[in-house]
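Q: Chains as they are written, first to last, in full-length UniProt numbering: chain U, 1 to 287; chain Y, 1 to 308.
Honestly, the hints are just simulated from the structure, not real lab data. Heads up, some of the hints might be wrong.
Cβ-Cβ distance ranges computed for the label pairs, FRET-style [as the list claims (entries may be wrong)]:
1. U:T46 - Y:N84: 37 to 45 Å
2. U:N246 - Y:V221: 48 to 56 Å
3. Y:E202 - U:N246: 53 to 61 Å
4. U:T189 - Y:F10: 30 to 38 Å
5. U:R195 - Y:E215: 49 to 57 Å
6. U:I34 - Y:L237: 34 to 42 Å
None of these values were measured; they are calculated from a predicted model. We treat Cβ as the ideally placed atom computed from N, Cα and C, and that holds for glycine.
So the chains spell out like this:
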Amino acid sequence: MAAPVAARRRTRAGSARIRFGFAVIAVYVVAAAIGPWLFRYNPVDTRTADRLKPPFTRLSDGSFAIFGTDQVGQDLFAQMLQGARISIAVGLATLVLAGTIGVTIGLAAGYFGGWLDGVLMRLADIQLAFPSILLAIFIAALLGPSVVNVVIVLAVANWVTFARVARGQALATRRREFVDASRTLGAGTWRLITRCVLPACVAPVLVVATVEIGHVILAEASLSFLGLGTPASTPSWGVTIANGRNYLADAWWISTIPGIALAFLVISLGVLGDALRDRYDPRLRSL
Amino acid sequence: MGAYVVRRLFFSLFVLWGAVTIIFVVLRLVPGDPAYIMLGPDADQAQVAALRAQLGLDQSLIQQYATYLANVVHLDFGESFRLNADSMSLVLQRVPATIQLATTALLLSLLIGLPLGVIAALRAHSWVDRAISVFSLMGQSTPSFWLGIVLILVFARGLKVLPSAGSGSWAHLVLPTITLALPFLAILVRLTRSGLLEVVHEGYVQTARAKGLSEAIVVLVHAMRNALIPIVTVVGLQFGALLGGTVIVETVFAWPGVGRLLIDSIGRRDYGVVQASILLVATIFVLINLLVDLLYGFLDPRVRLAGD
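Whole structure, please, built from the sequences with the hints as guidance.
A: Following this line, the structure appears as structure tokens:
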């Protein structure tokens, strides 16, 4: 009796992790969606009287800066809300693009097999043999900093995981009886792929996307920190943290507080992704 | 074993060729004349003409690719216009500093990560295990550039016990090593834990226990030996992330390695040096994975015998 009880307890712990992850992420998404309306942020605004004020300061215009101000007198909290919007939007856009490229390639490789599979999967192997942040840095350096370029760069660096998952599902599904049955009834290749094989990929791809989005948001912040991600006029968290580096002696809060917000979001995404993976598809653990 | 080694060697060469080709393709896919992109808006006509000739931009794409491959084989990435020296030798000068940082970070991760993973597996589902999991999750989720800044704030600016930037002594190595090691260490803990948990219920582990061997010997010798197999592979793959991480850590701590040279060169559009540094790091990574694969064949005879 001991084993099932322990297993049940673990499942319950699993749903607690899922609830925790969803709750935290919901707070971030709501903050990113409506925060910038409530706390206006203007990137070119400078207020010299309010420069480098510590957290919990009343500013010259009467507003209250809970996280202090930066080197040009901007409210750090408003800037972080704006940053949340950018980081989450870049993360989602990257996953959609990387997922589309990866699933298409993976389905083609897995369904058709043969030389196409060989070529596409060797391409994936080559890319895995290349530290992905280096590939991202290289492409970002050539394209120059912009929000769209960051999405392209990170999607190029992250499609492989999606391709592998989709290929695995396609290989597992294409020989199943219901696919053979559809084929016998005269369904064409396109219909077989989109109606039989693709639906089998949806669940594992969503699980992988949850696991990956934390990594993507971290990578975006790292690129922006290096000056290769979002430009200075769109302050993602990485940009804000990089700006704060020059004021460590006078204003510790500019770099540290956005980093805590970033780490907490990535931790919550990690908790959620792991819990979803353990519950729905433990086989994906190796990815 | 011989055939296995040859097969792995060929695969490594193939991957390196692929990396070189990706760089070539990306340089040509980016809109605009590669020579202008590489030299930037300040370049004069003579420099552009010289680079166009070196890259062979007036020739067909196939000829350009052949020229490019020939240059790469000769380790010729052109002169650095910024530093007036051969790009590859500039990068090679910086390699020891990066290797030093990466090796100490790897050692630190192994010294802390493996024991923590073993403890977590032996006490699975206890509070110790949960505490270790939380630590490992935080380690994987903490942005390393931010961790570096916080460590500088606390230990260099606050407590004033360690230098905040530069190199030259062991004290300079402490903060960059911790920053670089943490995410790697966190992954190692998880892998060791799950690897051990997968084998502890295997028959041979039960046998070892039934023979009356001490729990320490059962775990560290009998169970660990097989648990190590997946760990070794992933350590090899994750070492790429560690090498990539040196770019960020070297930038934060002004560590004079390849990563910082790469970022400085990008800022000044010195693309010969950029290509040379990226290819060199990719080569180190491929060599390490080759070593890992050979070690894998040694640890698990099934692997090397499979294709023979």
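Q: Please list, smallest to largest, the hint numbers that this structure does not respect.
A: none
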